[in-house]
Structures are given as C-alpha cells and as structure tokens.
Amino acid sequence: MFEHAGATPSPEVFRTRPGNRRRLTPPGEAELDRLGLAGEASAWLSPLAYNLTVSHSHRFVWYRVAKVATRTIRHHCESHGVSLDVDHAMRVRYPLASFTDYFTFAFVRDPLDRFVSAWRDKVVGANYYSFDDATHARMQTVEEFARWTAAQDLSAVPGTDQHLTLQSRMIDLNRVDFVGRLETFDRDFAEVCERIGAPTVPTAPRNQTAPGGQDRRVSDELRALVTTMYRRDYQLFGYDPDRP
Numbered sequence: 001m002f003e004h005a006g007a008t009p010s011p012e013v014f015r016t017r018p019g020n021r022r023r024l025t026p027p028g029e030a031e032l033d034r035l036g037l038a039g040e041a042s043a044w045l046s047p048l049a050y051n052l053t054v055s056h057s058h059r060f061v062w063y064r065v066a067k068v069a070t071r072t073i074r075h076h077c078e079s080h081g082v083s084l085d086v087d088h089a090m091r092v093r094y095p096l097a098s099f100t101d102y103f104t105f106a107f108v109r110d111p112l113d114r115f116v117s118a119w120r121d122k123v124v125g126a127n128y129y130s131f132d133d134a135t136h137a138r139m140q141t142v143e144e145f146a147r148w149t150a151a152q153d154l155s156a157v158p159g160t161d162q163h164l165t166l167q168s169r170m171i172d173l174n175r176v177d178f179v180g181r182l183e184t185f186d187r188d189f190a191e192v193c194e195r196i197g198a199p200t201v202p203t204a205p206r207n208q209t210a211p212g213g214q215d216r217r218v219s220d221e222l223r224a225l226v227t228t229m230y231r232r233d234y235q236l237f238g239y240d241p242d243r244p
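With the first letter of the sequence shown counted as 1, position 78 gets the number 78 in the working numbering; the numbers rise by one all the way through.
Below are the SDA-like pairs computed for lysine to any residue, each with C-alpha atoms no more than 20 Å apart in a straight line:
{"no.": "1", "residue 1": "K122", "residue 2": "T135"}
{"no.": "2", "residue 1": "K122", "residue 2": "D133"}
{"no.": "3", "residue 1": "K122", "residue 2": "R71"}
No lab work stands behind these hints, which were simulated from the structure alone.
Can you build the whole structure from these sequences, using the hints too?
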C-alpha cells in the first residue's frame, strides 16, 4: 500500500479491532511499526504516546484524559452515529502527518476534583491498585492515598496509571485545537460537536463525582499534596489551587 519508507499513511488505516477496542488492527499496528523503524529523527510519529480516540467520518482526534467525562463523550458519539474507528487506543504514538487536517480536542478538570474522583472510584469503590488488605484499609483516607501517589512519576506514560497521570501529559499540547473544561462542559462540548458536525444535545457529565456532586471541603495537607503533584496542570490550564 505504501511504496517507500517515507510514505505518509492514510489516516483510515488506523482502526481498533472489533473485539478489542484498545488495540489497533494488524494493518494499523504494522504501519506504526514501519514508521517507528524509520528512526526517531524522522519525526514521523509523535514523540510521546497518548490515549486516543479517532473518528474518520467526523475527522477528529480526541486525546482522552481519564476521569474527565470520557464515558459521557463516548456515549454521546455512540448515540448519535459518530463512528469511533480508533475507539479506545492506549499509549499510542500516532503519525503526525496523517492527522494534520483532523480536529483535535481534549477535556480537563480541576486537578483536586479529578484526584478525589479517582480516589473515590478506584480506591474507596474498588481495589483497582491491588493493595494488600492492610494497605487498602489505610488508603481509605484520601491523604494516605495522596502520599502514596506523590511517590509516583506522574509524567511517565506508560508507567503511571492513567487516572493519576498529569492531564497535561495526556494531551499533545503542541497540536491540540481545543481544550474544554468539565466545569463548563455543556458549553464546551457543544462547541466540539459543532466543530465535528455532530448533533449538539445538552448533557451532564455521567461521572458521579462531577463538580457540585460532592462536598469539596478538604484538608490543608491534601490540598498541598495535590498542588505540588499537579503544579504543571494548575499552571497550564489556569486552575486556582486555593479555590474553595
């Protein structure tokens, strides 16, 4: 299909498998391997890997940020005939030239709200991180979980769980066209829908720990830990770490 190593692949070769929405089809994987073999200096692939969802029919690339309305956006697409050809790809270095005319977007949220949401969902509601019983009992205190998280490299992908990774690390900031916020989701998602040609239907985030759904009073220790861990997100996205 591509006659020489420098050929720019068609974006439509990249799709996820019908039975495994996290993995690309064999032709897509083979194409990434081909581009990777060209060497880092070729700049065919993005320098970093991202969690991507791609629609060829609506020509968009969505940089998925875990714990930021991902279920809501996916449900909206599925409900309104927006094909997700690359459905839930994880940690993919993508071919830059293939998607230059695709609309790229992401959503972010206040780092403190996101961290507490991850803790409630993955620690209180489950044992996602496979702690032993004694450790899991300690982690029921959010400050204890924050101390544990602070020991991780939150910019490492792969290496850090996607629910805790810096939001700024999960978005190709050099190539993103639009960054919406969970706090203004209806307005921002309506703009995304208009840009990609999808129906605009007012919808509330399906995430159970969306803003307004929880008491936001937190300890000084937790606020300080989250502010330090996610300093880059606060700076880049303009959130106020001292917001009540």
